[in-house]
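Peer 1: In case you want the letters, here they are:
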Amino acid sequence: MAFGRLTGLQGMRYRGGGPMLAFLLHRVTALGIILFVGLHVLASFAMQQVIWGDFGIFINTIYESPWFQIFVIFCVLYHALNGLRIVIMDFRPGLLKYQREALWLQWFIFVPIYALTIFVVIQRALAGG
Amino acid sequence: MEATVKIFRFNPETDQKPHFETYTMPVESTDRVLDLLEYIKGNFDGTLSFRRSCAHGICGSDAMRINGRNYLACKALVKDVGLKIKVEPVLGLKVIKDLIVDMDPFFEHFRSVMPYFVNDEPPPAKERLQTIEERERFDDTTKCILCACCTTSCPSFWANQEYLGPAAMVNAHRFIFDSRDRAAAERLRILNDQFGVFRCHTIFNCTIACPREIEITQAIGELKNAISTGALE
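Sequence order for the protein chains is A and B. Following numbering that gives the first Met the number 0, the numbering of the first sequence begins with 0 at its first residue and continues without gaps. Following numbering that gives the first Met the number 0, the numbering of the second sequence begins with 0 at its first residue and continues without gaps.
If you are wondering where the hints come from, they were derived from the structure by calculation, not from laboratory data.
Calculated lysine-lysine pairs in the PhoX-like style (CA-CA distance at most 25 Å, straight line):
#, chain 1, residue 1, chain 2, residue 2
1, A, Lys96, B, Lys142
2, B, Lys96, B, Lys85
3, B, Lys5, B, Lys85
4, B, Lys16, B, Lys93
5, B, Lys85, B, Lys16
6, A, Lys96, B, Lys74
A short, non-exhaustive set of chain B residues, derived as facing chain A with CB atoms under 7 Å:
#, residue
7, Phe9
8, Pro17
9, Thr216
10, Gln217
11, Gly220
Partner residues are not named here, just some residues of chain A that face chain B (Cβ under 10 Å, in silico):
#, residue
12, Leu5
13, Gly7
14, Arg14
15, Arg91
16, Gly93
Every residue gets a Cβ at the ideal spot worked out from N, C-alpha and C, and that includes glycine.
Between the sequences and the hints, there should be enough to build the whole structure, so can you do that?
Peer 2: What follows is the structure, given as C-alpha cells:
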C-alpha cells in the first residue's frame, strides 16, 4: 500500500520563486477574468427578465464599482502581459536564458500602466463618475 | 549549533495517513541534509526510510523536497537551507514509505521517448565522427542523472501524471539533436502528443530544481520549436 500522490495545496506551497509566482498569478488572474465575464453575462441575462431585474442591477453595481474595476484591470493586464511573455519565449527559445530579465521587464511595463489606470479609475470614482 | 529537522513520515503498515516528526541535533554549517538524515536514522529512528547511493550528486537517488523545493539531499548544505529544515517526499509520485516515492511512472515516461542511440546505417571502419559544434549542440542535456527533481517540481506533472515531464524531454533532446542519431522524427512525434512538450507552461521550476544545472526549459523550448518548424537548428 502506498500513500496517494501529493499535489494540490502542497504544490501551491512549492517554492519555485519568481517564475512559479508568475505561473500562479496567471491562473488566478484567469479566474478573475472568468468571474468578471460570468457576472457580466449573468447581469445581462437577469436584467432582461421581468422578476430578476433588481438582481441584475445589483450585480451591475458590483462589477462597476471602482474596487472591482481595479481588480479586473489587474487581472486583464497581468494575464495579457504574462501570456505575451510566454508566447514570445515559446517562439524564440533562445530568449529563455533571459527569463529573469523578461519577468522584470514585464513588471516594468505592468506597474506604470496599472498605476495610471488606477489613477484614472479612482479620479473618476471620486468625481462621482 | 543545532538544527531542527521536521520529517514527513508514513509507514504503510501502521499509518492511515502521514504525519511529521521533529528531531534536533548538533550540526556544522557544511553538513549536508543527507548527513542529517543518516544521523537521525543512526541515532533516533532506524525505521526512517529514504533512498541514497553515491551521496555525491551523481546517482540521483536522494531527490526530496527540502524547505519547500526540490534538492538532492547530498547537495543541499545546512548553510544553504538554514537550521530549521523541513524534509518531505517529492510531489506528484505515490509515497511508498517516508521519503521514498514510486518512481515507476517517471521511468515509464523516460523509456517512452526512446532514450538510446538509433542508427541503422552501416558503421564506419573506426567511429561515427562528430564536429565539436555538433557535440556541443546537445552537451547540456547529456548531464541528466534521472533524479526526478525536475519532473516532480513541475505543476503540469502534478496535475496529470500522464504528462511526459521535463526529464523525459531532456533525454529526448539529448538524442534528437545528436547528429549521429536517425530517430529524431520518431521522437518528435512522441513529444508532439497531447501529454508532450506543449503541456510545458514555461514555469521554470524544473530549471531551478535541476542539481546538474541543465537549462531544461530551454531544451523543451527547442523541442517545441523543432516540432513547430520541422527543423533541427
